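> For the record, the sequence lines run as chains E and R.
Take the first sequence: its position 275, counted from the start at 1, is 275 in the UniProt record's numbering, and no numbers get skipped.
Take the second sequence: its position 243, counted from the start at 1, is 243 in the UniProt record's numbering, and no numbers get skipped.
No lab work stands behind these hints, which were simulated from the structure alone.
Where hints are given, some of them may not hold.
To be verified - Computed footprint of chain R on chain E, listed as stretches where at least three residues anywhere in the stretch have a Cβ under 8 Å from a Cβ of chain R:
{"hint": "1", "stretch": "87-97"}
{"hint": "2", "stretch": "208-214"}
What the hints assert, rightly or not - Restraint-style ranges between C-beta atoms, simulated for each label pair:
{"hint": "3", "chain 1": "E", "residue 1": "219", "chain 2": "R", "residue 2": "204", "range": "37 to 43 Å"}
{"hint": "4", "chain 1": "E", "residue 1": "104", "chain 2": "R", "residue 2": "204", "range": "20 to 26 Å"}
{"hint": "5", "chain 1": "R", "residue 1": "256", "chain 2": "E", "residue 2": "176", "range": "19 to 25 Å"}
{"hint": "6", "chain 1": "R", "residue 1": "128", "chain 2": "E", "residue 2": "307", "range": "20 to 26 Å"}
{"hint": "7", "chain 1": "E", "residue 1": "229", "chain 2": "R", "residue 2": "257", "range": "36 to 42 Å"}
{"hint": "8", "chain 1": "E", "residue 1": "281", "chain 2": "R", "residue 2": "35", "range": "48 to 54 Å"}
{"hint": "9", "chain 1": "E", "residue 1": "160", "chain 2": "R", "residue 2": "274", "range": "24 to 30 Å"}
{"hint": "10", "chain 1": "E", "residue 1": "119", "chain 2": "R", "residue 2": "190", "range": "54 to 60 Å"}
{"hint": "11", "chain 1": "E", "residue 1": "179", "chain 2": "R", "residue 2": "207", "range": "32 to 38 Å"}
{"hint": "12", "chain 1": "E", "residue 1": "177", "chain 2": "R", "residue 2": "69", "range": "56 to 62 Å"}
{"hint": "13", "chain 1": "R", "residue 1": "97", "chain 2": "E", "residue 2": "208", "range": "55 to 61 Å"}
{"hint": "14", "chain 1": "E", "residue 1": "93", "chain 2": "R", "residue 2": "150", "range": "39 to 45 Å"}
{"hint": "15", "chain 1": "R", "residue 1": "128", "chain 2": "E", "residue 2": "261", "range": "40 to 46 Å"}
{"hint": "16", "chain 1": "R", "residue 1": "200", "chain 2": "E", "residue 2": "80", "range": "57 to 63 Å"}
Predicted model only: the values in this text are computed from it and were never measured.
Glycine included, C-beta positions come from ideal geometry on N, C-alpha and C.
Here's the letter readout for the chains.
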Amino acid sequence: MTATSVDARTVPAGKPRGHVTNRRAGVGRLAFLLLSPSVLVLGLVIGYPIVSALRISFVKTTEGIDANTGLITRTTGFSLDNYTNIFTGETGRLFWNAFWNTTTFTVTTVVIETVVGVCMALIMNRAFRGRGLVRASILVPWAIPTAISGLLWRWIFTSQGIANDVLNTHVLWTTEGIQSWLAVVIADTWKTAPFIGLLVLAGLQIIPAEVYEAAKIDGADAWRTFWRITLPLVQPALVVAVLFRMLDVLRMFDLPFVLIGRGKMSTDTLSILAYNEMSNLRFGPAAAYATVLFVYVAIVAYVFVRVLGADIVGRGVGRSK
Amino acid sequence: MTSITDTAPVPATRTAAGAPREKRRSPSGLVLTLLAWVVGVLFVLPVLWMALTSLHSEPAAATNPPSIAAPPTLQGYRDFFGAGAGTTPWPSLANSLTASVTSTILVLLLSIPAAYALSIKPVRKWTDVLFFFLSTKMLPVVAGLLPIYLFAQSVGLLDNIWLLVLFYTSMNLPIAVWMMRSFLAEVPVEMLEAASMDGAGLTRTLQSVVAPVVMPGIAATSLICFIFSWNELLFARVLTGTVAQTAPVYLTGFVTSQGLFLAKVCAAAVAVSLPVLIAGFAAQDKLVQGLSLGAVK
């Protein structure tokens with residue numbers, strides 16, 4: 001809609017003279033007009049709440065009784081208390097615990113999911129009977145709502161559930177302890193390893209067969225071929241998949257929430273902590289937790305992009321410069 | 001004559017060369033195929049089990065280990081859809097459909113022009129713009145929950161499905177711009193230049209040059225947006241009440257009240273995940289392509 005009206009304006013302007021420069025100016029304006037609705041919507045619906053949350057995190061509300069009127073008064077003022085409180089005392093212990101959970105969840109699940117995903121992709125990268133069906137079936141865990149997969153795994157992990165039957169154990173999976181942490185890792189791996197597998201598969205399928213044939217002629221064994229050819233060539237796809245997974249796991253909320261429940265030392269993540277504070281109407285600390293989490297995620301993403309050189313922008317970079 | 005004798009053997013040798021190669025690979029190939037099948041079954045097994053249980057009667061569903069041979073019945077579905085507990089899931093399913101479809105359409109209307117600006121006609125500092133879109137993926141959604149709740153409360157939009165439509169639109173917008181940009185980058189620049197030399201305007205260029213190349217991309221993007229909106233739970237749970245609740249919210253409530261009736265709960269879970277499963281199955285190829293976000297191309 002916008003596109004057509006813009007077109008009508010820019011084309012006559014570009015035609016008369018100075019074809020190249022005018023066209024470039026027109027392109028700039030057009031691009032601006034095309035981009036602004038999206039930026040505006042994001043700014044309003046995502047940007048405003050974030051800025052507002054940031055503001056709330058720096059505000060401290062103290063309630064007191066007015067000596068003259070006897071009414072309850074609320075005084076608000078700028079304060080760093082919400083942040084300093086996070087790192088000290090009992091809340092500090094909760095915070096570092098959640099920080100530790102978030103970090104260990106991220107490292108463990110991303111490593112396991114990458115290994116499992118790459119293996120799955122290697123297996124599926126061959127033509128075999130029923131490949132389409134296998135591919136569709138491993139999409140199922142990713143597609144169904146987390147509310148349902150959480151439920152499904154809670155059911156599997158009940159004391160009388162399948163997990164204990166299969167392992168012939170009597171573990172109380174969803175209670176406090178390392179086993180509930182493990183349950184979340186297992187459920188998350190089930191849900192997203194196929195996702196990484198499919199991304200890597202897409203990367204594998206563009207490696208030309210000649211490369212493998214050349215390696216075979218040179219006498220490289222399967223292991224060497226994998227490390228020296230497959231992995232380097234599939235790396236761009238893999239790095240982006242891992243980055244997006246990391247951003248998601250660092251902010252993980254719903255799976256531990258549905259599977260284990262909140263208020264558990266072994267599975268509370270930073271997002272759950274922020275949610276807890278909020279549902280207790282402690283808005284300032286909640287906003288502070290969220291801000292700290294955002295900074296943490298941003299640092300991890302930055303380091304990751306810098307260290308591994310994740311080409312998240314894709315090949316378009318080379319094209320426009 | 002020569003051309004006929006030349007062309008005739010080629011397909012013959014090709015099939016001859018192709019067939020033995022298949023055979024040479026088959027011993028280890030068979031193992032790998034079996035392995036792939038086992039992996040596929042392993043991942044889909046919990047969902048299959050859920051679907052199976054949803055077709056059992058309550059006593060059969062409660063047995064442990066689960067029985068496969070129990071006679072199938074649709075009682076679980078009848079209990080879920082029929083007003084067994086005094087409520088029906090239809091309004092929530094309709095809400096979910098409204099929120100997902102409308103927000104997906106809005107996302108497409110917003111993201112395609114933006115992605116076009118970012119890919120075909122690169123803006124100065126366009127990588128900055130792209131990183132702006134990516135950075136919204138780093139924000140903890142929990143942080144936005146409170147301000148949005150307070151805002152919705154002040155303007156009376158709580159328990160209103162259009163608030164969710166608005167939120168889902170912006171939730172999916174970054175990833176849609178990201179994906180659409182990589183699909184649009186596939187349009188050869190030469191074709192665009194040729195089109196503009198022939199005097200084609202923007203509308204014409206979009207119609208006959210860009211659209212054919214990016215249609216699969218649009219399909220993949222809309223599918224992903226649909227799936228993400230349909231599955232969203234946290235915001236739907238906080239921002240909606242009885243009127244505008246979505247299917248996953250209804251489901252969690254249903255589980256709380258009917259949790260002991262396994263068959264009924266499984267039927268509910270299957271019914272709620274069916275739309276996204278159908279969407280996923282219908283376009284798995286395009287979905288894989290779209291999920292890779294252009295990183296592999």
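> If a hint holds in the structure, say so; if it does not, say that too.
Status of the hints after comparison with the structure:
1. Only when three residues or more bring their CB closer than 8 Å to a CB of chain R does the claim for the stretch 87-97 of chain E stand; here the count is 0, and the claim is violated.
2. Remark: the stretch 208-214 of chain E is not confirmed as covered by chain R, as 0 of its residues place a Cβ nearer than 8 Å to a Cβ of that chain, below the required three.
3. Checked against the given bound of 37 to 43 Å, the beta carbons of residue 219 of chain E and residue 204 of chain R, roughly 56 Å apart, lie outside it.
4. Separation of residue 104 of chain E from residue 204 of chain R is about 56 Å and departs from the stated range, judged on CB atoms against 20 to 26 Å.
5. Our hint of 19 to 25 Å for residue 256 of chain R and residue 176 of chain E holds, since their Cβ atoms are close to 22 Å apart.
6. Roughly 21 Å separates the CB atoms of residue 128 of chain R and residue 307 of chain E, a value that falls within the hinted 20 to 26 Å.
7. Between residue 229 of chain E and residue 257 of chain R, the C-beta spacing of about 56 Å breaks the proposed range 36 to 42 Å.
8. For residue 281 of chain E and residue 35 of chain R, the hinted distance range of 48 to 54 Å is satisfied, since their beta carbons lie about 53 Å from each other.
9. A hinted range of 24 to 30 Å for the beta carbons of residue 160 of chain E and residue 274 of chain R is consistent with their spacing of about 28 Å.
10. Between residue 119 of chain E and residue 190 of chain R the CB atoms are about 41 Å apart, so this pair departs from the stated range of 54 to 60 Å.
11. Between residue 179 of chain E and residue 207 of chain R the beta carbon distance is about 58 Å. The supplied range of 32 to 38 Å is therefore violated.
12. Distance hint check for residue 177 of chain E and residue 69 of chain R: the Cβ-Cβ separation is about 37 Å, which falls outside the suggested range of 56 to 62 Å.
13. Range check, residue 97 of chain R to residue 208 of chain E: Cβ separation about 44 Å, and the 55 to 61 Å hint is violated.
14. For the pair residue 93 of chain E and residue 150 of chain R, the beta carbons lie near 30 Å from each other, so the given range of 39 to 45 Å is not met.
15. Under the hint 40 to 46 Å, the C-beta atoms of residue 128 of chain R and residue 261 of chain E, about 41 Å apart, fit the expected range.
16. At about 59 Å, the CB distance of residue 200 of chain R to residue 80 of chain E agrees with the hint of 57 to 63 Å.
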